[in-house]
Amino acid sequence: MAAKGLAVVDHSVSERRLRPVYECLDNGNNKKAIQEAEKVLKKQPNFHCAKVLKGLGLLRLGREEECEAILEEVKKDLPAEDTTLQAMSICYKEMHRFQQICEIYEVAVKKDPTNEEFLSHLFMSYVRTGNFKKQQQVAMNLYKLKSKNPYYFWAVMSIVMQAFSSDDSKLAQTVSLPLAERMVEKFIQDGRIEAEAEVEMYLIILELQGKYKEALEVLCSPLADKITSQSQVVRLRRLELLKKLNMWQDLNCFYKVLIKENPHQWSFYEGYFSSLFLVMDMVNGNGNVGVNDVNHHQNECEWNANSNNNNMNAGLGRMGPAAMFDSNPSDAFTFLNDVLAKCIQENMPNCRAPYLARIEFYRQLKARKDFDALGRLGKETYCEDSSYTDSPLDLLINYVRNFGDKPCLYSDLQSYVDLLDKEDVSRFLGEVTLCLEQHDASLTIRDTFRHQNEVMLKRRLGMYEDSSAEELEELVRYLIGFQKKTQNLNQGLLPTDFRCNDYYILLACHMLVDAWKKTGDERHLIRVLILLETEVMDSPANYQYKLLLCQVYNLLGESCTHTQIPHFLLILKKIYDTLGAMEGTLKWFEGLDVKHIMWDTVSHLLTRHVAAQGHFSSAVSVFSSVLKFFTAHNHDSLEYLISAYKFGSFHKIQEFMRFRERVRDSHTFALVVLENMMLDLLLESESHASTAQVLYDDFLIVFVDQLIYLCHTLEMDPEDESACAEDLWDNRDFSTMLAWDSSHKDGQETWQEDSYRWEMDLIKLRSITLRCVLAAYQMLEEGSSQVQVPRHQILQRLAASLKTFMDGLKTQDLNQMVPVLIGGFRPRLCVFADRPDLILSIVDAIDCVLCIHNHVFAASSPDSEGGGERNSQHLQLDPCRDLCMRLANSITWVNDRLGDPQFLESLVFRQRAVEELVDLCEVLSVVIVLCDVLIHLLKPYKTSLVKRSKKRKKELCLPPVFGEVESHVKNVKVEVERLLECVGKVEGEVLARDLSEFLADVSLITDNRKPSGATQAVLSKILNSYDTSFKEIRTVLQKKLKYLSSLTL
Amino acid sequence: MTTIRPFTCDDMFRFNAVQKYFIYSLTLTLQYALTFYLQYLAHWPEYFQVAESCSGHIEGYIMGKAEGHGENWHGHVTALSIAPEHRRLGLAARLMANLEEISEKKRAYFVDLFVRVSNQVAINMYKRLGYIVYRTVLEYYSGDPDEDAYELQALSLVFFATRYWYMDLVVMNTARLD
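Chains as they are written, first to last, in full-length UniProt numbering: chain W, 1 to 1049; chain H, 1 to 178.
A portion of the hints provided could be inaccurate.
Pairs of lysine-lysine, DSSO-like flavour, derived with a Cα cap of 27 Å [to be verified]:
{"#": "1", "chain 1": "H", "residue 1": "Lys105", "chain 2": "W", "residue 2": "Lys110"}
{"#": "2", "chain 1": "H", "residue 1": "Lys127", "chain 2": "W", "residue 2": "Lys646"}
{"#": "3", "chain 1": "W", "residue 1": "Lys646", "chain 2": "H", "residue 2": "Lys65"}
{"#": "4", "chain 1": "W", "residue 1": "Lys226", "chain 2": "H", "residue 2": "Lys65"}
{"#": "5", "chain 1": "W", "residue 1": "Lys939", "chain 2": "W", "residue 2": "Lys985"}
{"#": "6", "chain 1": "W", "residue 1": "Lys134", "chain 2": "W", "residue 2": "Lys93"}
{"#": "7", "chain 1": "W", "residue 1": "Lys1042", "chain 2": "W", "residue 2": "Lys1031"}
Residues on chain H that point at chain W, a partial pick, calculated with CB under 7 Å [what the hints assert, rightly or not]:
{"#": "8", "residue": "Thr2"}
{"#": "9", "residue": "Met12"}
{"#": "10", "residue": "Arg14"}
{"#": "11", "residue": "Ala33"}
{"#": "12", "residue": "Leu34"}
{"#": "13", "residue": "Leu38"}
{"#": "14", "residue": "Leu41"}
{"#": "15", "residue": "Cys54"}
{"#": "16", "residue": "Asn72"}
If you're looking for bench data, these hints aren't it; they were derived computationally from the structure. Beta carbons are placed, not taken as given, at the ideal position from N, Cα and C, and that holds for glycine.
Put together the whole structure using the sequences plus the hints.
Here's what the structure looks like:
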């Protein structure tokens, strides 16, 4: 037996020998690790662990196959030794083969059934693969071996997970969950409950079965004492249960007690209101009682509550004195005012919730159309202090008086200002406005916040909507003036500290953007850029060291040195996007320092634009970072699922699984996968061989890797309309960017929804297109490999769905979309919708391929000897002609766009035209691959014809199809040449053009004293960006021309 | 008008975009890998709390753990961040009080944390909350240049209950310092 070789060597000896190998691996020195492992293997050729570690080194050097061979070899010897198994697990984990880990531990456990270590590893391996049944068995075996509580509860949790994941909810409710419940109850009866996690588990099981009352009883029993981590937790759980049991009166009392104890907690107020309204509905529903009778009913309800199963006690438990529940608006107002009075009395100046709660209550009453209560609000005063009268105007003004100098004021009030009537708005703003000019000399930090809040609220309330561009310019000057005036307040701040006057700049930028929207004058955008570039460079308090830092880090390190920069950066980025100046965008995106989950939540800022603007090499690196994050996450997050079992955080297990799914099924991920493939095709496919590599290596790696779910989604039947439509998560976070537009909130939400739909459509378009390419290419090798469905049938179906997709797209009105600074601009799908010719030329190209395929198939089938030739005489290559016509059309159109005088005059127009050019290049690269397929379909046919003619010793007379296809390829080539020529011409013009005309007078935003360094920086960034775009596009087109030249028969 | 509640995975989709610009940073790096958050959620979920505004914005979060053996059993604040717009409202104090309460329940002897020596605002805040500078850790924060950290500590009620004799010592020391 192989294990003997191991047993001979003393454990400590082998450990000593392996140490250098481990060290090298830890340090990332894989080559040395392999050498060290080989040294050990010379002494002990059968040393399993050394072999596996060598394999690990190989794997990390990218030699996966060699590693696999080693693992296979070791696996045959059925190792049952801990270090070897662990090393193997690491290898399998890095290869994403979690199933293999189960297998090796299954073997080990069979060999050594009483090894706790092996069993526990086996359990974890099943967690990774999500095999809950096996998990349960192993956990029970562990518990039988060593009766430790955690093992028992692992088994219970495994049963609960079976219930979670089971499609059969009846089975879960009648078998799994009751079983789990009995298991825990047995433990309780035996008095063996030890830990918080165990009680937690019991509660989870009870709640899953809807046994809320029982769960509530548990929380009121001595078992709840086990939940020691937080007294709050027990209470919050009770609240949840009371809600589920519809015990609104108890809930209302409970919330009142909680609010009194902790008047800060906003969720308590929300709970209080919802329970109050439900109690009110109950009371009113009982017999249409008027408000005057409520007191009577209230007592009755309470009495009922008390008599019914002692609900009150069950609910409050050991909460303290039971309070009376409220059942009408005036009670509620009294209560809220009491809370507020208490806050004032106890001197809690930061306690905003009671103030806001009154406004929220007003809003809820309004939403319920409780005009009766609302009417009385205006007249009655519920507090002795007459300053607390309850009209929304008064409430809001009161709020501003108390918190107007806090930076949070705007975000607190933004949704409540809509409660104001038109007449009230001016009164409100009049109250908000402070005459700052009066005490210019000594502005305090509080003053600036107050002032900035005022401008934000004014903008929110639409005060600037009708301003002319001149008025907006004046406003910008005013705001920047204040920013300069208040610079002295920033003294002594840390690099990471928040500058109190940053909002002035942000507001000024928004105003300038508004001015651009109004007039179309792009100089306003350039002004924003200059302003921000200057501000970003400026140190908050002219600290010399900071200036130095900024220069040294070249704007990059800035992101950490300036808290408000993200907002600056975002605006900068947006503008650069609009202007198509990707260089600026890229730079500032780097400044944003996107990491980790931000690749999911904010990477859309870049991923949707970078390739579209022709910055292909940057796109490659951005896409690979995005994909790296997603793949790593898929792998890493599994280990934390295991941790949750280990630490008994059972309630987190389901949450973790959902989180994994949400990241895995992110639509950004899907889109980037597809965009990346498209980019690969665009950049890498330059000959028949390289195309094969792109299609088989690069595509399939993504498809075959562990992304099974995504693959599944993307590979679903394209005719199925529901395919991959609603299934993906939109994880983009648009709230990162501040804006104070009056319609901002709604605009943002609809924008997110709409853009998600368009992006899902783009995903669909990309996915069908790419699958067409793959299917067409696979037609070439149909003879050699066994495929279930003939590729030409699939291709036919895909072409049909591409056409259907395009038909559907026409009906959508994509251009109606308003550009929003906060969300984004025109979605990429727009160009394809505007110019259906682009995609339809792909459809034509597929038709060509199908046509030739049928022709060759008919000609070379044995029973039609000679018939094929006859057929070929009549072959109509209409699709080829259509295709060339469409391509010519599209190219002429793009040429026109590039040659349009606007192209030189308007940067925004330029951005669009470049995007259109890139889209055309993408289509061309697909068409060229399909041309390649055409040629290679004909090649074997030609060989067979040549052979045949040699046999018959006849003069070779090629059917006309060959000539036609060759001339078709030539036609495509001519078109590409035409495009290339035009791109070259425009490039020269663009780069020769001086941008200084965009260099408006900058006195609006800067002092004259300042050198125009920032201005120059902005202009050169924009110019360089076009330089890169055109250079990269030209390179791609040249490559494609070479590819086309190589396509001959 | 802030709700403090347990942090959930879904919060990561909303808080990562801004969290690195949150300040009060005691943290070693400004932004952690996803796995770091998951590790805390798996191991010390009760110590990971988030503050959310009525409009659903994340105002801040606190992240901590319980560690150490024997007399060194203590709560540790790993990260505490408040968004710029929500400073000066006592939110950090509320989050800290929460963490301290949990530590008391776990019978921890003290709570500690690290802070950049330059971060005077944060240091002042912790001092107001009853923390004292326990020691200086040289070059704790890597960067350019590296920066030292203060280790701040506050003893818990558990500590005083079990080691009342120590209290005299502390009082004596404090008196001497004054």
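Status of the hints after comparison with the structure:
| no. | hint | in the structure |
| --- | --- | --- |
| 1 | H:Lys105 - W:Lys110 | 44 Å, violated |
| 2 | H:Lys127 - W:Lys646 | 37 Å, violated |
| 3 | W:Lys646 - H:Lys65 | 16 Å, holds |
| 4 | W:Lys226 - H:Lys65 | 19 Å, holds |
| 5 | W:Lys939 - W:Lys985 | 38 Å, violated |
| 6 | W:Lys134 - W:Lys93 | 19 Å, holds |
| 7 | W:Lys1042 - W:Lys1031 | 17 Å, holds |
| 8 | Thr2 | 6 Å, holds |
| 9 | Met12 | 5 Å, holds |
| 10 | Arg14 | 6 Å, holds |
| 11 | Ala33 | 5 Å, holds |
| 12 | Leu34 | 5 Å, holds |
| 13 | Leu38 | 4 Å, holds |
| 14 | Leu41 | 6 Å, holds |
| 15 | Cys54 | 5 Å, holds |
| 16 | Asn72 | 20 Å, violated |
Violated hints, in rising order: 1, 2, 5, 16; the structure is consistent with all others.
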